[in-house]
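J.: Sequence:
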Amino acid sequence: MRVLEDVMTDEKNKTGLQFDGLPMQSLIGSPLKAASDAQAKLAETTAEFIRTVGLESSCSGKIKTATVTFRKKGADESDDPAEKEVSLQVPLLAIVPIPSPAIEDIDVNFDMDVKSYSEQAVAQKQDGDRKD
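Sequential numbering of the sequence shown, starting at 1, is according to the numbering used here.
Keep in mind the hints are simulated off the structure, nothing from the lab.
Source: prediction; values computed, not measured.
Treat the hints loosely; a few may be bogus.
Said to hold, decoys possible - DSBU-like mimics (lysine-lysine), calculated; alpha carbons at most 30 Å apart, straight line:
(1) K84 / K33
(2) K84 / K72
(3) K84 / K73
(4) K72 / K62
(5) K64 / K33
(6) K41 / K73
(7) K64 / K41
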């Protein structure tokens with residue numbers, strides 16, 4: 001049984017050697033880098049939305065607002081029931097949903113097929129094996 005385990009271990013080691021020359025970092029890392037770059041672009045899109053919709057100009061930093069007017073029930077100075085009109089300046093970004101697309105999950109599958117494998121063994125004759 002031990003001999004069979006040794007043969008299987010040797011075969012696994014030989015199979016692993018086939019991949020030594022392949023750019024594994026590039027093959028597996030490229031999709032992860034692409035996802036990272038895409039996430040950066042999505043963040044830029046959100047920032048651009050905030051600048052465009054929420055600010056008067058990108059230089060001033062002044063916030064765009066919307067005026068909201070409503071009637072409020074309450075009491076006047078003599079404690080009689082009364083309604084009064086109230087106006088509020090509300091930042092536009094407080095009432096408009098800010099898009100925040102994001103990559104939450106990435107699944108990278110990597111399959112590799114071994115199409116061929118060859119091994120060459122070179123036997124050397126020892127001086128004592130020579131026949132004249």
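J.: Taking the numbered hints from earlier one at a time, note which ones the structure violates and give those numbers from smallest to largest.
T.: 1, 5 and 6
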